[in-house]
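Each chain, written out:
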Amino acid sequence: SQTIHQWPATLVQPVGSPLSLECTVEGTSNPNLYWYRQAAGRGLQLLFYSVGIGQISSEVPQNLSASRPQDRQFILSSKKLLLSDSGFYLCAWSVLGGGEAFFGQGTRLTVV
Amino acid sequence: GQQLNQSPQSMFIQEGEDVSMNCTSSSIFNTWLWYKQDPGEGPVLLIALYKAGELTSNGRLTAQFGITRKDSFLNISASIPSDVGIYFCAGQPLTGANNLFFGTGTRLTVIP
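As you go down the protein sequences, you meet chains A and B in turn.
Going letter by letter, the first sequence gives residues 72 to 183 in our numbering.
Going letter by letter, the second sequence gives residues 3 to 114 in our numbering.
Source of the hints: derived by calculation from the structure; they are not laboratory data.
Be aware that one or more of the hints could be misleading.
[As the list claims (entries may be wrong)] Straight-line C-alpha distance at most 20 Å; calculated EDC-like pairs for lysine to aspartate or glutamate:
#1 B:Lys38 - B:Asp73
#2 B:Lys38 - B:Asp20
#3 B:Lys38 - B:Glu19
#4 B:Lys53 - A:Glu171
#5 B:Lys38 - A:Glu171
#6 B:Lys72 - A:Glu171
#7 B:Lys38 - B:Glu17
#8 B:Lys53 - B:Asp73
#9 B:Lys72 - B:Glu56
[What the hints assert, rightly or not] What follows is a list of derived Cβ distance ranges for each label pair:
#10 A:Ser136 - B:Ser9: 29 to 39 Å
#11 B:Ile113 - A:Val183: 31 to 41 Å
#12 B:Glu19 - A:Gly123: 45 to 55 Å
#13 A:Gln176 - B:Asn60: 20 to 30 Å
#14 B:Gly42 - A:Val86: 22 to 32 Å
#15 A:Gly123 - B:Ile30: 17 to 27 Å
#16 B:Leu47 - A:Thr81: 18 to 28 Å
#17 A:Gln176 - B:Tyr52: 24 to 34 Å
#18 A:Ser155 - B:Gly42: 13 to 23 Å
#19 B:Ser84 - A:Gly112: 15 to 25 Å
#20 B:Val46 - A:Glu93: 14 to 24 Å
[As the list claims (entries may be wrong)] Non-contacting residues of chain A with respect to chain B, defined by C-beta distances greater than 12 Å in every case (computed):
#21 Ser100
#22 Gly125
#23 Ser138
#24 Pro140
#25 Asp142
#26 Ser149
#27 Lys150
#28 Leu154
#29 Ser157
We treat Cβ as the ideally placed atom computed from N, Cα and C, and that holds for glycine.
Build the full structure now, drawing on both the sequences and the hints.
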C-alpha cells in the first residue's frame, strides 16, 4: 500500500533563517506531488505541484521554492523565512494525471 | 488559483440531525473530491466523484457531482459526535488536470 511521510511535524524558526521540509512517498511510481499551505482556520492554498523529477509548477508567487530530486521525494525550501511564512504545510500525492490526492500528516511551521 | 466557494462556513447541529454542505466553482471541473480534516492532521479523503450527475455514498455520507460540472454537495445523515471536524471540497479543473484546488471549508460542530 502507498504511504506518504512528511517531516518534521513541528518547526519553530527565526525570521531570516532557511527552511527545508521533506516529503517522501512509498508504494507508488511517478506520482503527482503537491505542497499546500493552510493558515489557521483557513482552507488549503496550493503552492506547488510536480508531475515528474525536476518538473515544478508554482501556483502563487512567494518566498518559497520546491524541488523534486527523485521520483518520490518533494522538498519545500526557503532561503530566508518571513513571519508570513508561518502556517501548516501539507504534502500530498496522487496518481499521474490527477485524481484522488492523499495527504501527509503536515508540518506546523512557526516563524518567530 | 481557482476559487471554490464552499458553504456554509460553519454549522452547529444536534446529534442525529442531517447535514448538507455545498461547493461551487466559476469554471468546469472534471473531478470533485470531499475531505475531512481533524485538528493538526492532514485531510482524509471521504468521497471522489468523476462524472457529471454522479451520486456516490460512503456509509452515512452522500455526495453528488453537479450536472453543470461547476458544483457538488455533501450530505451527512444522522450525525454523530465523531463527525466533528472541517470538511473541504476539492476539484480538478477541466484544463490543468494536475492542479487540485480546495474550498474554504465547513467547520462542523455536533452537539451531543
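Each hint, compared with the structure:
1. B:Lys38 - B:Asp73: holds, 18 Å
2. B:Lys38 - B:Asp20: Judged against 20 Å, a Cα distance of about 16 Å means the pair holds.
3. B:Lys38 - B:Glu19: holds, 18 Å
4. B:Lys53 - A:Glu171: holds, 14 Å
5. B:Lys38 - A:Glu171: Satisfied, since the Cα-Cα distance of roughly 14 Å is no more than 20 Å.
6. B:Lys72 - A:Glu171: It holds: about 18 Å lies between the C-alpha atoms, which stays within 20 Å.
7. B:Lys38 - B:Glu17: holds, 18 Å
8. B:Lys53 - B:Asp73: holds, 12 Å
9. B:Lys72 - B:Glu56: Holds: Lys72 (chain B) and Glu56 (chain B) sit about 13 Å apart, inside 20 Å.
10. A:Ser136 - B:Ser9: 29 to 39 Å: holds, 34 Å
11. B:Ile113 - A:Val183: 31 to 41 Å: holds, 37 Å
12. B:Glu19 - A:Gly123: 45 to 55 Å: At 46 Å between Cβs, range holds.
13. A:Gln176 - B:Asn60: 20 to 30 Å: Holds - the Cβ-Cβ distance for Gln176 (chain A) and Asn60 (chain B), about 22 Å, lies within 20 to 30 Å.
14. B:Gly42 - A:Val86: 22 to 32 Å: holds, 24 Å
15. A:Gly123 - B:Ile30: 17 to 27 Å: holds, 26 Å
16. B:Leu47 - A:Thr81: 18 to 28 Å: holds, 24 Å
17. A:Gln176 - B:Tyr52: 24 to 34 Å: holds, 27 Å
18. A:Ser155 - B:Gly42: 13 to 23 Å: 21 Å Cβ-Cβ, so the 13 to 23 Å window holds.
19. B:Ser84 - A:Gly112: 15 to 25 Å: holds, 21 Å
20. B:Val46 - A:Glu93: 14 to 24 Å: Holds, at about 22 Å.
21. Ser100: At roughly 16 Å from the nearest Cβ of chain B, Ser100 (chain A) sits farther out than 12 Å, so the non-interface label holds.
22. Gly125: holds, 15 Å
23. Ser138: holds, 17 Å
24. Pro140: Holds, because the least Cβ-Cβ distance between Pro140 (chain A) and chain B comes to about 19 Å, which exceeds 12 Å.
25. Asp142: Non-interface label on Asp142 (chain A) holds, nearest chain B Cβ at 15 Å vs cutoff 12 Å.
26. Ser149: holds, 20 Å
27. Lys150: Label holds. Min Cβ-Cβ 24 Å, cutoff 12 Å.
28. Leu154: Consistent with the label, Leu154 (chain A) stays out of reach of chain B, its closest Cβ about 21 Å off (over 12 Å).
29. Ser157: Ser157 (chain A) is indeed farther than 12 Å from all Cβ atoms of chain B, at 15 Å.
Hint compliance for this structure: every hint is met.
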